[in-house]
Every structure is written in structure tokens, then in C-alpha cells.
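Asker: Taken in order, these protein sequences are the chains called A and B.
Counting from 1, one number per residue, gives the positions in the first sequence under the working numbering.
Counting from 1, one number per residue, gives the positions in the second sequence under the working numbering.
Because the hints were derived from the structure by calculation, they are not lab data.
Because the structure is a prediction, the values reported are computed rather than measured.
Cβ atoms here follow ideal geometry from the backbone N, Cα and C, with glycine treated the same way.
It cannot be assumed that every hint is accurate.
Chain B stretches covered by chain A per the calculated footprint, using a threshold of three residues with CB under 8 Å from any CB of chain A [claimed, not checked]:
no., segment
1, 140 to 150
2, 155 to 168
3, 172 to 183
Number of protein chains: 2
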Amino acid sequence: MRELTQVVDRISVFILDMDGVLYLGKTPIKGAAETIRWLRKRGKRIVFTTNSSAETRRAQARKLARMGIAARESEIITSGFVAALYLRKRSPRAKVYIVGEKGLRLEFERAGLKLVPYERAEEATHVVVGIDRKVNNKKLTGALRALLGGAKFIATNADATYPTEDGLLPGAGTMIGALEGCSGKKPSVVFGKPSPRMIKIALGILHSKPSKAAIVGDRLDTDIIAGKLAGVTTILVLSGVSTRQDIVKFRRMKIIPDFVIDGIKDLVHR
Amino acid sequence: MRELTQVVDRISVFILDMDGVLYLGKTPIKGAAETIRWLRKRGKRIVFTTNSSAETRRAQARKLARMGIAARESEIITSGFVAALYLRKRSPRAKVYIVGEKGLRLEFERAGLKLVPYERAEEATHVVVGIDRKVNNKKLTGALRALLGGAKFIATNADATYPTEDGLLPGAGTMIGALEGCSGKKPSVVFGKPSPRMIKIALGILHSKPSKAAIVGDRLDTDIIAGKLAGVTTILVLSGVSTRQDIVKFRRMKIIPDFVIDGIKDLVHR
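Looking at chain A on its own, in the form it has when it is part of the complex (with noise of 0.2 Å):
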């Protein structure tokens, strides 16, 4: 694949989807730390992103270390991530009633948002939703009572499921379901792909045009769909989620990524 290297020489910056294209679970891809290895020694700006919001940028980058990849806060953008920064910037005084996990909780606080707790909930002027292993009844009574109070819908990310060793378990999309189903309402805003807000978010903060910069995922439904919104190269990697047979379907709905690969491994060449 020779235009694929030129390609790769061309672009400046790698916007790396991480479940599915360094690491499966706890796993680490073949060859994922030596190729962000190969990519730094070219002088290429590599930012991670993952749809999840179950852990800050910090425990990510802690993550990407013990696999041997070496990653500052900085260069981490969860979804979680994401919507701290759109409330801040949109509503630095909202007040955010969260369902979700801890790392979503101090993603907000670090931000400087002001997080209601369940007995304050119909003071919440925002609802932000992203997934949550811990759910119980308290949690989506508090949510149902700032909704039904006014406060805005948001949710991190859509994810239906996330894959895993035991298969799939239930992602974002179920407590989005959830607060659907009792409150009648919908999300105005979801960060997560295949919205583009984080590849142009990723673009931004490096001061990098669309041409120059490429995605690499492992879901043609979110990661590719959400590069092409963006306007950014598209790579998919066969190492995770989306398979051969989801191409040719995709490809009836002109999702076609600009190129295929088995791994991350295959960006090294020479």
C-alpha cells in the first residue's frame, strides 16, 4: 500500500481512537507501543480519544503507560472530557447533576463546575448522562427530578454496548435509554462519536487543519463516520469491533474509510 505511506508521511497528526486500536480491554494491540514510538520519532502529534467517560485523561494516561505508551494528560480527550469543557465555556455557572461513574464526577469538578447532589437535584440546570456501572434507583430518581425541573439534557456519549472478554456489556445508550423512558425527553447535545465534536476539538487545541490529520479507529459507526464529519483522514483497523463484512455494509451507506489496515502496526513503514 504505497499511498498509504505517503499518506502517513504527509500527515501531521494521528487521532487515535484507543479500545480496539491499542489495547482490547486490558490487552495491549501487537505492536501498539512501537508504532506511537515510530510516530513520535517522526515528529508526529499524536492525540488519544475514546468515547468513554468512566475515567479522567489522568487514569487513561495511567492506563496507556502500564501498556508500555507513553501519553501526557494533555494529549487525552474522553467525552466525559469534552462536555466539561462545552459547559464551562457555554455555562461556567450551570449546576450538573451527573449520572455516571467517578471518573465523569472529577472530570466536572476539575473543570470548576458546580456538581448538585440527589437531595438538590431540582436545582440542576444540566443532566449529564454517560455510562454508569453503578446505577440505582436513587441516581435515575434525582435525574428524572432535574429533568422534569427544567435542567438541560446532555449526554457524554451514545454507546448502546462496549465490548469486552465476556462480550458485550451495556454502554451510555442504556442510562440515555433510561432517562428517556421516565422523563419523556431527549439528549440536545451528545459528545461522544460520531458527533465530530472531539476530532475538532483534538484539531483545535493543536491548531491542525482537517488535511492534515488523520483518525484511526476501529468502528466504522462511530470513529470513521465521525473522521468524516470532521473532514480528517479516514483509517479503521480490523483489530477491534467493526469486521470485513461491516465494510461491504457501510459501503451501501457510503461510509467507506479512506483506508483499511489489520492494526495500528501497519501505519510503520519502512
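For chain A, the structure is supplied; the task is to place chain B on it using the hints.
Answerer: Okay, now just chain B, sitting in the frame of chain A:
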């Protein structure tokens, strides 16, 4: 309202909604117990119905007894009971994974149906979903596995919320939404009102025609619609959820109760 007194005299089966008609949460509604006695004295047959699947019929009978209303278990129809009846008839060998409360599980066990635990969720032929105020990620994960494994998705009722002294709380619709959100599937059957199923089953048990029966309920969006669909006389009480403003709103949708009364005690005459 001379016409109502004539209808009350003519009707032989009174299908009563409970919450909002006989009590509000834990507080009996004034005159409810006396009205039931008056109806019984006149030879009326009474069926108590509720969309809730949280309690068994037995528990509901005990609750009525505490409020001075004598009711036999056989006179009570809950959405959970109807769901169990349906499955016992259509799929007696069903393996059922339940997302719901203890009362729902008990109702299914009493119907002789086989329940499948989390560990064997993928063996389930049916997922039955009702209100679950002890919901957690594990329960949802089991249901997701069952649904992805091909189990049929059945809901006891679809109430988004239910009214309490503390305001609206998340209802069965919350659990339906959560499972729709992760599985991408929708329930194939919903038993609770506005479906006419509970009313039709009540008529079947009593061998009564719709023309000889009336439903007394506090909700236009469930009780009155179900009554219309079943072809029985519909009597709206204003002691619960629906208000006079709602009557105007629903009239535009051609949903018009045959009678509107302040409370169930207005059924009594002479």
C-alpha cells in the same frame, strides 16, 4: 347526574383502578371503602386492577384490607399477573429472565414458570420487564445478554413515572428505555393499560360482556383509553393524576370519558 345513577344500576361489573381511585400512595381516598361496600351490597362484581407489577395480587389484597376494603386475591389483576398468565398459556416452557421486583418474580413462580438467574441469562427465551427500584448494572447486563441471545422482550407496563407524596418517581418505562438503549430492541407486548388486555381478562374471568362493565380510573392516558379500547363504560375520577385541563386536552384527541366524577364515592346514590 341522573344518567350516571342509571348506568350504575345497569352495570354489573366494576373494574376499578386502585392508585388514585381507592388510595393515594398509602392514604385511602375518602369514601372508597364505603363505596365498595355499597356496590357489593347491590350485587355488583368488582375487579381491582393496577399497572404496577411490584406487588403480587396477594400483597395488593392485603393492602386493600388495611384500608378497610375487603378484596379476594382472585378479584385483583396486576400487569405482572397478566404477563404470567399470557406466558403460561402461550409458552409454558418459557425460561424467563426478569428485570423487576420481588412481587413480579413471585407471580411468575406461582404461575409455575421457570425463572433463569443472571448466570444463565443467555438461556432465557423471554425477558420480562417491570418497575425495578432495586435495578443495578448486573440485572441490566443479564437482560442484555438474554435479548442479544434472541429472547423475546415483554413488558408488564410502560408507565414512565408514578405519582407519590414525594412527586413523580421513575416507573417501568425507565427499565424499558434502559433495555431499548443497550439492546436496540423494543418490547413486543406490553400488558398494562392503555392496553385493553387487563380489562379483557377481567371480563373473561367474570364471563361478562363489555356492555355490562365499566372501568373507574384516574388517568385518561391509561385507564380511559384502555376502557375505550375494550368497549366498556368509562368513568374518570378526578382524585388522582388527570385534571379538568387534561380532559380538554384529551377531548381534542377524541378521548372522552363517558362520565367524570370527583371521586369514587360519587358512584353511590339514593
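Asker: Using a Cβ cutoff of 8 Å, are there at least 3 residues of the segment 155 to 168 of chain B near chain A, or does the coverage claim fail?
Answerer: holds (count 4)
Asker: Do three or more residues from the segment 172 to 183 of chain B put their C-beta atoms closer than 8 Å to C-beta atoms of chain A?
Answerer: Coverage by chain A holds here, the residue count being 11 at a Cβ distance below 8 Å.
Asker: Three or more residues of the segment 140 to 150 of chain B near chain A by CB distance under 8 Å?
Answerer: With 5 residues close enough to chain A, the hint holds.
In this structure, none of the earlier numbered hints is contradicted; all agree with it.
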